[in-house]
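Respectively, the protein sequence lines represent chains A and B.
Counting from 1, position 30 in the first sequence corresponds to residue 29 in numbering that gives the first Met the number 0; the numbering is continuous, with no gaps.
Counting from 1, position 135 in the second sequence corresponds to residue 134 in numbering that gives the first Met the number 0; the numbering is continuous, with no gaps.
Careful: at least some of the hints might be erroneous.
[Claimed, not checked] Restraint ranges, calculated between C-beta atoms of paired labels, are given here:
id : chain 1 : residue 1 : chain 2 : residue 2 : range
1  : B       : 27        : A       : 40        : 24 to 30 Å
2  : A       : 37        : B       : 24        : 19 to 25 Å
3  : A       : 31        : B       : 26        : 27 to 33 Å
Hints listed in this document are in silico derivations from the structure and should not be mistaken for laboratory results.
Glycine included, each C-beta is placed from N, C-alpha and C at the ideal position.
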Amino acid sequence: MTGGPALSNDEMSAAFHDSGIATALAFALTLIVMGIAFGRVGKPILMLIVLAVSIAWSMGVVTLTVGHLSIFSVMFISIVVGIGIDYGIYFLFRYEEEMFLGRGLREALERTAVRTGPGMAIGALTAAGTFYVLMLTDFRGIRSSDTSRARRSSSPGSA
Amino acid sequence: MIAISRTGRLLRQLVRVSCARPVLTVLLSVLFAVAGIAYTLHALTFKTSGRDVLPQSAPYVKRYVEYAKNFGELEDIVVVVEARVLRGRQGLCRPPRAGAARLSRQVRARLLPDRPQAVRGQSAPVPDHGRAQGDPRQDLRPPGVHGELRGGSEPGPPARRRQYAAGRRLRLQPLRPRAQRQGPARRHALPAHAPRADRGAPRSARAVSIPVGHPLFLRERGAGRRLLPLRGQEPALHPGRVAQGGQGSFLGDQKSIEAVRGAIAKLRPSFPAVRPA
Chain A
0 MTGGPALSND EMSAAFHDSG IATALAFALT LIVMGIAFGR VGKPILMLIV LAVSIAWSMG
60 VVTLTVGHLS IFSVMFISIV VGIGIDYGIY FLFRYEEEMF LGRGLREALE RTAVRTGPGM
120 AIGALTAAGT FYVLMLTDFR GIRSSDTSRA RRSSSPGSA
Chain B
0 MIAISRTGRL LRQLVRVSCA RPVLTVLLSV LFAVAGIAYT LHALTFKTSG RDVLPQSAPY
60 VKRYVEYAKN FGELEDIVVV VEARVLRGRQ GLCRPPRAGA ARLSRQVRAR LLPDRPQAVR
120 GQSAPVPDHG RAQGDPRQDL RPPGVHGELR GGSEPGPPAR RRQYAAGRRL RLQPLRPRAQ
180 RQGPARRHAL PAHAPRADRG APRSARAVSI PVGHPLFLRE RGAGRRLLPL RGQEPALHPG
240 RVAQGGQGSF LGDQKSIEAV RGAIAKLRPS FPAVRPA
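Next comes chain B alone, as it looks inside the complex (with noise of 0.2 Å):
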């Protein structure tokens, strides 16, 4: 009781100095409600991965965080452009190269600048054979991706395989022991043993260990169907080209999202007959 009349006192003091001064009453309330606002308008932020609600701490978290790490498409971020094809010479279908490579610069532009680290990876030639049939949705799910995934020169790959090869046409490494596992810097950059496949190297050393990231992927349709993963400033296209988080992941980084979208709106004038799926 004591403290119910304590703090009944207490309160009709504050009454008191309020109706005394009742205009600076109100104009407190409202600068400190302005500044609420304005504080929470600058630096709340939203946590938007499923992830970050779970116990970090449960077995299962840290199970599916491991495997995220090393299944990095779990958390891509996988743009898939439709267009007609339009064949050259060269084979190539130029609304989507040109769409493709301005997409990247765009995207590059938007995050490179605050993060240097934003757009990287590592690319091979696509070889002008392997269209895939079906939905390319589907082939952009890589089935061999914790093994190993043999481009043209090996002997014929399943037709599920195959699709996914035409898209990615990139020669995975099944995955080292954990033993040998150097870091989460090694999901990011070609083994030292490994020749850059788009210098042009020979067919037989075009390994290359599949970063943990992003790809944008172009689909054409036409005559058959095929997945041409965007590529950016080289004149053909290339798979492969990574975008990746500032941290390493997409998931949760609202700006980088936004700036892959910022980046296709700008572009979507351009190129009329591209669709962004």
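The shape of chain A in the complex, shown without the other chains (with noise of 0.2 Å):
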């Protein structure tokens, strides 16, 4: 069986495919820079759980206000996982300081919000206005795979 929408389809499955497995390596690959970063491997975990969380939600979002996924855009999970982790990165560095610095749990984490939170949320919103730009492109390939990222970058999961 051939002929050019199976062909397209079979592309389409193929990407879809690869892209599992580009997200699982992201995973994967995510957690052993973070554990040999932290020396342990429980907070990095959660970290990716988290994230993971984050990435349902965003899927969520994605699938309301986009719907689909192109060849292009099928690959934006693997993508956002490097994204979205920075900012997981950052909360847990202040927070491991903020702990270092004798506070209690919670005073930590609401420093942590104060003091790094800001910082986070505008580097969130910058990375998304830099994706929502190229949405003025007419490649709609780029198009809806940026309009994908920015809806990422942008969601409460994110910060």
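Dock the two chains into a complex; use the hints.
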């Protein structure tokens, strides 16, 4: 069985399959790097769980607003794993710093939110803005994939 | 700075609320995540066509779409089945013939329930001559689709055209000027002046307007090679059975493509001698 539609369908299936593998690899490699950086696995795993939850929120928002994935945007999950984990790293490092200074759990979280939160929020908004700018292009493949990434970057879960 | 400090205070309030009810916070987060995944699995679609990602207002895309309407076979699904020739009295290949009929029925059964227009087309009988040589996959390309392709009654067509004629055995009408076109329905129906070729019309009247669609082909292998398009329900093989996507094309129609694949997979055990290519 062949023909243009069948080949397009196969390309999309292959891209989706590869995207799944790339996402799993992105999670695994991120976990390894953070495990090496922090010297333990517990907190990095928790961060990745939070990231997975926020990506699940984002998928819902993307489905609601964009509604489809193309061969370009199908890879966006693996990309936002790399972008989204940044915010967790900033937060975790600042939290560790506050804890090192002898603050309690709740106080450390609050101070981290007050001191690091605004910077992270601005970073997320500028990243989302950059992706939204690409929506001005005529090329619909880039437009839809960047909309997906922008929605992910600006979603509440990212911060 | 004011906005930043406001954001900080807002985030601190958020942390306080979350820390006051940690279980509720986690439960709500997981609930929203599950809802997001469930909704995504239910509603997210895929645009498989490369054409979908191009700017639809660009002149070259408009031109492509216009040509694609005229040259429907740009978006064909072609099923080629390879089998040994078992020639009977009628000169027909028994396993492919049975396979053709069943495959066609399967495809119809899978596509038709929710879209009655999914499988349609016109056909003309296949004469028992006109064997194609060489790679039959090349023969599927219609060199004369935009012009006129004569059948056996016409004086010697070029070899390449003859190969194609063996597969399609369609006599195509030349494209009419744009002013004479009557919209999409024209391409999917026989012109009013053309009699149904599969009802034994005189050969001179066997003119079939090429439908924009998706012919299914059989390929025989044996003493010679011949392309035999699939045809369902009728006892003999006929060309030009056209499977048509619900929106005029199979492009991006993942459901239909999988339905055709499913029909092929279902038939495979029943016809071990027939090999889908």
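Checked hints:
The hinted window of 24 to 30 Å between residue 27 of chain B and residue 40 of chain A holds, with their beta carbons roughly 26 Å apart. Restraint check, residue 37 of chain A to residue 24 of chain B: a C-beta distance of roughly 24 Å satisfies the suggested window 19 to 25 Å. For residue 31 of chain A and residue 26 of chain B, the hinted distance range of 27 to 33 Å is satisfied, since their beta carbons lie about 30 Å from each other.
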